[in-house]
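If you want the building blocks of each chain, they are given just below.
Protein chains: 2
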Amino acid sequence: MKKQRYKWVMDLLVDNDLQAFLVTSLENVRYFSGFTGSDATLLLTKNEKYLMTDSRYTTQAKNETRGYRVVEYVKKVMGIVDVISTQHVDRIGIESQHMTYALFSDLTAKLDKTQLVPLDEEIRTARIKKDASEIRSLRKAIAIAEKALESNMDHIKPGINERDLAQEVEFEMRRLGAESLAFDTIVASGYRGSLPHGRASGKKLNKGDLIVIDFGARYNGYHSDETCTVCLGRPTKEQRTIYSIVKEAHDRAISSIRPGIPFQDIDRTARQYIKEKGYGQHFGHGLGHGVGLAVHEEPRVSFDTAGVLQTGMVFTVEPGIYIPDWGGVRIEDMVLVKPEGAEVLTQIDKEIKVF
Amino acid sequence: MKKQRYKWVMDLLVDNDLQAFLVTSLENVRYFSGFTGSDATLLLTKNEKYLMTDSRYTTQAKNETRGYRVVEYVKKVMGIVDVISTQHVDRIGIESQHMTYALFSDLTAKLDKTQLVPLDEEIRTARIKKDASEIRSLRKAIAIAEKALESNMDHIKPGINERDLAQEVEFEMRRLGAESLAFDTIVASGYRGSLPHGRASGKKLNKGDLIVIDFGARYNGYHSDETCTVCLGRPTKEQRTIYSIVKEAHDRAISSIRPGIPFQDIDRTARQYIKEKGYGQHFGHGLGHGVGLAVHEEPRVSFDTAGVLQTGMVFTVEPGIYIPDWGGVRIEDMVLVKPEGAEVLTQIDKEIKVF
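As they're listed, the protein sequences go chains A and B.
Each residue of the first sequence is one higher than the one before, counting from 1 in our numbering.
Each residue of the second sequence is one higher than the one before, counting from 1 in our numbering.
One or more hints might be untrue.
[Stated by the list, open to error] Footprint (simulated), chain A over chain B, 3 or more residues, beta carbon under 8 Å:
#, region
1, 56-62
2, 89-99
3, 173-185
[Unchecked claim] DSS-like, lysine-lysine: derived pairs with alpha carbons at most 25 Å apart:
#, chain 1, residue 1, chain 2, residue 2
4, B, K204, B, K237
5, B, K62, B, K113
6, B, K247, B, K237
7, A, K237, A, K275
8, B, K75, B, K113
9, A, K2, A, K140
10, A, K140, B, K203
11, A, K75, B, K275
12, A, K129, A, K113
13, A, K62, B, K203
14, B, K113, B, K129
15, B, K129, B, K3
16, A, K350, A, K247
17, B, K62, A, K203
18, B, K237, A, K275
19, B, K140, A, K203
20, B, K113, B, K2
21, A, K110, A, K129
22, A, K275, A, K247
23, A, K203, A, K3
24, B, K62, A, K204
[Stated by the list, open to error] Far from chain A, some chain B residues (derived; all Cβ distances over 12 Å):
#, residue
25, N16
26, E27
27, K75
28, L116
29, K207
30, V230
31, E297
32, Q347
Note that these hints are calculated values from the structure, not bench results.
The C-beta atom is built at its ideal place from N, Cα and C for all residues, glycine as well.
Extracted from the complex, chain A is given alone in its bound form (with noise of 0.2 Å):
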């Protein structure tokens, strides 16, 4: 495990009295031990790393991890009550936003003498700020989507529908080397622009309908998110008004980025120069979120999150405005917080583009 993931674990298990921490999650487990299948719990104490899987990965598990005991089981609730006896442990702290109720209860069953500690504020920071070989993973997931749209653009046309040209970019960030989609796209045109998740439809791209391209690819476990609107035929001035409206909330929340300033005040810069312009209404969710192993993940940046930034984060900004029945517009671009300021990962230029 690499040294500052370790010192997080041990420093969790100091400030909260724990002896070990079970991790359930996928997105963690892959943080801490490396392994990538799609099923495997560890049990991490002060001496010990174990990882306990199936018989389907008992041999990648090997292959994938360093220093860890590899425990393979039948059953997942007995496997992990086996290797915690033979620890001499009180208290073990849980993922308890992601352990289910029965394998909770499974487990406070058949652990007479150690107490699981539910864990959630405590364990969100812990892929928060990005390493550096975490940030080149990312942005080779933006390289690979961005490539990939952009070979695409002859697609955007009238008369082509929205899911056909999904699919186009789809595939090409396939054969460009992504192991998957972070999300499905979302091609969302005309008035189907006002649903903020407009998942890509059978609707043909018109004239005059301006069209929120909502795309990520994934490369080596991390996540791209990015959306660029575009204006298929000339604009007209209410869409440039209200394209250049969010395109300066967008510039402004990024211009006030710096370790230090609390994640609502990012929000409200964005938020609040909507509102001076008449749109506050059409502004409905939080500003941007965390991109890592998790497409969404910490922080959140949004009007009701507590903290600060800080240098090493990775998150998106995208505000956007929805009018029903007219459309709307979003531009979302993936931000590294560094000492100076932000670097915007994304390197698709967000001036409105016309086709």
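Given the coordinates of chain A, assemble chain B onto it according to the supplied hints.
Structure of chain B alone, referenced to chain A:
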């Protein structure tokens, strides 16, 4: 809600002395309400049906459901608590294998008059029998996946790598209207065939390889799941022998299917035959699993499953032999249990194919 599904819920309430069932898994949300988005919770009582979701999905939920009161929440826990508080309910069933410990404990802390009752075995039957419309969706998913494989048969040749073959099949499934893949396509050739879970890699197909191809599409929420093992070049005597043992085990299992037969017997029919032929230790996994809104669901058809086959169940029959450093053979079909026996839903015939 369809009559039979409503009846299942009412029986669940009566049998377990519950006033409501809180549905948090997206498959069950879709099954009972028709809602297809990525966030919603249902509260089902004898007289009321609530669907709680966030602002992204309110419009969609109203369009997709009938007879539901759609409630928009900002914070999920509070949204659920608010709805429950308007009802007079002492005991509410929850999906213990799905609800997180955090949600369970938050809800418990906020609901002082209502007890949450963890359900597990009691709800495994929810989607276990498929109705006519579900079977139509399953057939369509199968047709898409099979057409995609068949139109890529000319890619099965020496020098092509596993990942490229998988990708071409996947692209074709999408072009043919699949909503998504049912799972990451497995192409495991030569020695890699011994990994039951061998996701397509950069390994090239070689003359003499047996190639395990496990693939599926999702359509209308329903999944297909099928495995063909093919041979590149003339099979050796050993390859032919092992293939024919797996094929015979598969055929015998399917022939033994009838309502009322224990799951264990179906598994044993295949397992016993493979064992008699001397390969018992090379068939580790269960014989099959239900397929529907989830790609793996009830019923499990294995050596340790209780229960008997019933008309309307759909599951896979997928015996295999996996020999380290040599390779593997798996043959998998999806079957529907009918009064007179199994109908094989998958259409590709499973005689050994030589390329």
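Practice task
List, from low to high, the hint numbers that the structure doesn't satisfy.
Solution key: When the structure is compared with the hints, numbers 5, 12, 14, 18, 20, 21, 23, 27, 28 turn out to be violated.
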